[in-house]
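K.L.:
Spelled out, the chains give:
There are 4 protein chains.
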Amino acid sequence: MPTFSYSRTIHFPDTDAAGVIFFARYLSIAHEAYEEALADVGIPLGQFFSDQGVILPIAKSEASYLRPLVCGDRVRIDVTPTRFSDNTFTVDYVLWKLSPTEKRAAVMRTEHVCLDSSSRARLALPAELAAWVDA
Amino acid sequence: MPTFSYSRTIHFPDTDAAGVIFFARYLSIAHEAYEEALADVGIPLGQFFSDQGVILPIAKSEASYLRPLVCGDRVRIDVTPTRFSDNTFTVDYVLWKLSPTEKRAAVMRTEHVCLDSSSRARLALPAELAAWVDA
Amino acid sequence: MPTFSYSRTIHFPDTDAAGVIFFARYLSIAHEAYEEALADVGIPLGQFFSDQGVILPIAKSEASYLRPLVCGDRVRIDVTPTRFSDNTFTVDYVLWKLSPTEKRAAVMRTEHVCLDSSSRARLALPAELAAWVDA
Amino acid sequence: MPTFSYSRTIHFPDTDAAGVIFFARYLSIAHEAYEEALADVGIPLGQFFSDQGVILPIAKSEASYLRPLVCGDRVRIDVTPTRFSDNTFTVDYVLWKLSPTEKRAAVMRTEHVCLDSSSRARLALPAELAAWVDA
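Protein chains in written order, with my numbering: chain A, 1 to 135; chain B, 1001 to 1135; chain C, 2001 to 2135; chain D, 3001 to 3135.
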C-alpha cells in the first residue's frame, strides 16, 4: 500500500458564499491527488481518463469534513490505494491543512470499478493500474 | 419526513472527459436540491447560506453512483431530511434518471451540524430549519 | 435572429467566498442557456457536445458583469445566435436578474468555430445548427 | 508592469465531455494565477477575497482560446497587471501549453474595479494592491 502525497493551495474558485471551500470540492481535490499519483507511476492521464474501451468509474465515495479551509490555505493530500477484488479497488485520502500546525481537514474514500465501456461488464484491472494498487 | 422533488437537466459543465457527469457533481446537484427544498418552505437562501453567526456545514457525505449521466439527461432528485440529534440532521437524496424509463442514478446522504460560527460550539437547529427537518 | 430564453436559480455551488456568483460561472450559465436553445430546436445534446468528427469549440468569449448575484436569485438568460461566416457564428447572451425589478446582470458573447476534430480544418456548420443560427 | 508566472497541471475536473478543458475553466485558472501573483507580493488571500468593506470585482473579461488542453497537460500562466484609472486596473494572462513545444493556448484579460462593498461607490485601490499594479 504505497502512499503518494500531493500538495495544493486552496483557490478562490474552490470556495463558496460561506467563505470556505465547498464540500464537493474536497472530492475534486482528492481526484486531482489520485491523478497525480497515477502520473507519478507513469500512467498517461490523457488516455487513462478518456474512454478507450476500459473505464474505471467511481462507484462510491464517502467523506468526513473535519475543518473548514479558506482561500490561500496550503494543503497536502496523502493517497493510498487498496485492492478490493479482481475488478475493484479503493483509494483512501487524508487531506492535511499544513499551517499553522498540521491538522487533518478531511478524510475521504473512493471505490472504483473496472468496466468494459460498451457492455459495462466487469473487467480485471489493467496491468499498469494493478501494479500501482498492489505495490 | 417530508420528501421534496427537484428536477434538472444535466449540462455540459457538469461533465468530464469520460463523457459523463463528474462524480463530485452529483453531490453539487444534491446540494441544489437541498437548497430548493429549503426555499420551498420559505427559508431565504441568500441569508441562510451566508455566515450570520449560525452555520450548518456538511460534516459527512456518502454516495453510490449507480448510472452514468450525459449532457441533456433529465433527472429528478428526491430530498428527505431526518433529525439525528439536537444539533445535527441528515439529508437523503435519490437521483432519478427520467428516461427512457425511470431508474435510480445515484443515492446520496449528507450529514449537517449546526455550529456557532465564531466559537464552533454546537447549537440547536434554527426554528425554521427544525420545522422542515421534523415535519 | 431568434431569441431563446432560459431561466435558472443561482445556487450555492455557483458562489464564491465574496458571497456572490464567481465571474466564470456567468459563462457556464450562458453555456447552459446555449444548450437549452439547441435542445429547443431538437438538437440532441448528448451527441452534439461529444466528439463525433465535427466539433464547435468556443474560440473567444467576452463578458461584462454588471450586477452581483447571490444564492437564491432568479435569473433569465436571453440567447441570440448570429451567423459570422461559413464556419463561424456568435451567440449573444443577456442575463437578467428578475427581482425585485428586472435588471441586466451580465452581457456576454461567445464565438464558435466549426472544425474537423482530427485535422482541425474549418468546416461548414452542420445543417441543423445552421438552421438555428440563420433562422 | 511586473510579470508573475504560475504553473499548473490540467486535471480531470477541468475537462468536459468534448474531452478537453471547458472554456470557462481557462478563466478560473487565470484567477488562480492572479491569486498566486498577489500572494507572491505578500497580500493575504483569505482576507483579500472576503468582503472587508472594500471589494475588487471583475467588471469585464475577454478571452481567446487558441488550443485545446487535455487532462495531464502542463501549463504556465504569465500574469501582468496594468493600471487603468484611480479605481480600476486590468490583468493580462498568457496561458502556455508547455509540451511538446511551448505554445500559447489562451490569451485573457480581466478588468477589475475597486468598490465600497456597502455603497458600491468607487474607491482608490488599496495601497498594497496599488504597489503591485504600479510596480
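Honestly, the hints are just simulated from the structure, not real lab data.
Treat the hints with care, as some may be off.
Stated by the list, open to error - Derived pair list, reagent style DSS-like, types lysine-lysine, alpha-carbon separation capped at 25 Å: (1) C/K2103 <-> D/K3103; (2) A/K103 <-> B/K1060; (3) C/K2060 <-> D/K3103; (4) A/K103 <-> B/K1103.
What you are looking at is a predicted structure, and each value in this text was computed from that prediction instead of being measured.
K.L.:
Would you mind marking each hint as holding or not holding in the structure?
P.N.:
Comparing the hints with the structure gives:
no., hint, in the structure
1, C/K2103 <-> D/K3103, "41 Å, violated"
2, A/K103 <-> B/K1060, "17 Å, holds"
3, C/K2060 <-> D/K3103, "17 Å, holds"
4, A/K103 <-> B/K1103, "41 Å, violated"
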